[in-house]
Amino acid sequence: MTQLALVIDLNVCVGCHACVTSCKEWNTSGVAGYLSDDNPYGADPTGTFFNRVQTFEVGEYPNTETVHFPKSCLHCEDPPCVPVCPTGASYKRPEDGIVLVDYDKCIGCKYCSWACPYGAREIDEHQKVMKKCTLCV
Numbered sequence: 000m001t002q003l004a005l006v007i008d009l010n011v012c013v014g015c016h017a018c019v020t021s022c023k024e025w026n027t028s029g030v031a032g033y034l035s036d037d038n039p040y041g042a043d044p045t046g047t048f049f050n051r052v053q054t055f056e057v058g059e060y061p062n063t064e065t066v067h068f069p070k071s072c073l074h075c076e077d078p079p080c081v082p083v084c085p086t087g088a089s090y091k092r093p094e095d096g097i098v099l100v101d102y103d104k105c106i107g108c109k110y111c112s113w114a115c116p117y118g119a120r121e122i123d124e125h126q127k128v129m130k131k132c133t134l135c136v
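Terminal number for the sequence shown in numbering that gives the first Met the number 0: 136, no gaps in between.
Keep in mind that a hint or two might mislead.
Result set (DSSO-like, lysine-lysine): computed pairs, CA atoms no more than 30 Å apart in a straight line [as the list claims (entries may be wrong)]:
#, residue 1, residue 2
1, Lys127, Lys70
2, Lys127, Lys91
3, Lys70, Lys109
4, Lys91, Lys23
5, Lys23, Lys109
6, Lys91, Lys70
7, Lys104, Lys70
8, Lys91, Lys104
9, Lys127, Lys23
Label-pair distances were calculated between CB atoms; the ranges are [as the list claims (entries may be wrong)]:
#, residue 1, residue 2, range
10, Glu94, Val57, 34 to 44 Å
11, Gln53, Asp95, 40 to 50 Å
12, Tyr60, Val13, 15 to 25 Å
13, Val11, Glu59, 16 to 26 Å
14, Glu59, Val136, 39 to 49 Å
15, Trp113, Val136, 23 to 33 Å
It should be emphasised that the hints constitute simulated quantities derived from the structure, not laboratory data.
Glycine included, C-beta positions come from ideal geometry on N, C-alpha and C.
Please put together the full structure from these sequences, using the hints given.
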């Protein structure tokens, strides 16, 4: 089975948030759920955020290093968000391994969001369905 993925070289990532901006621009579905990071970017942004960048300091002073960690859906091999969906709206596409949501079946119960260990699901308050990264397909 083919498994598409998003590969990010953490040695190159400088935390510029360009991936977040690009993802947000691509997924302009209006206001969505709360961000899983506390007060990201020091403001109260609205809209869909399927990608976030968390920044960590590693090491001990004076030998510290800043690591930026882009975080989005990993399209897991065995996604925990799929079996918890009571309507079968969450599914893994067999031809490429992308985990998707069938909006016609989704009832917005948020079970998939609770099951996702990466915080990669959001409720679209306008459409009342769960949304997530689609790898831009």
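> For the pair supplied as a hint, Lys127 and Lys70, is the alpha-carbon distance within the 30 Å limit?
Replying inline: Status holds; Cα separation ~24 Å.
>> Verify the CB-CB distance for Glu59 and Val136 against the hinted window 39 to 49 Å.
In response: The hinted range 39 to 49 Å holds for Glu59 and Val136, with Cβ atoms some 43 Å apart.
> Does the structure keep Lys91 and Lys23 at a Cα separation of 30 Å or less?
Replying inline: Measuring from Cα to Cα gives roughly 23 Å; hence the hint holds.
>> Taking the Cβ atom of Val11 and the Cβ atom of Glu59, is their distance within the range 16 to 26 Å?
In response: holds (24 Å)
> Should the hint that Trp113 and Val136 are 23 to 33 Å apart at their CB atoms be regarded as holding?
Replying inline: Distance hint for Trp113, Val136 holds at roughly 25 Å.
>> For Lys70 and Lys109, compute the direct alpha-carbon distance and say whether it is at most 30 Å.
In response: Since the Cα atoms of Lys70 and Lys109 sit roughly 19 Å apart, the hinted pair holds (cutoff 30 Å).
> Are the Cα positions of Lys127 and Lys91 separated by 30 Å at most?
Replying inline: Holds, at roughly 21 Å.
> Regarding the pair Lys23 and Lys109, is the alpha-carbon distance no greater than 30 Å?
Replying inline: holds (21 Å)
>> Check whether the Cα positions of Lys91 and Lys104 lie no farther apart than 30 Å.
In response: holds (14 Å)
> Straight-line Cα separation of Lys104 and Lys70 no greater than 30 Å?
Replying inline: holds (27 Å)
> Taking the beta carbons of Gln53 and Asp95, is their distance inside 40 to 50 Å?
Replying inline: violated (27 Å)
> Cβ-Cβ distance between Glu94 and Val57: within 34 to 44 Å?
Replying inline: Since Glu94 and Val57 have Cβ atoms about 38 Å apart, the given range 34 to 44 Å holds.
In this structure, only the earlier hint numbered 11 is contradicted, and the remaining ones agree with it.
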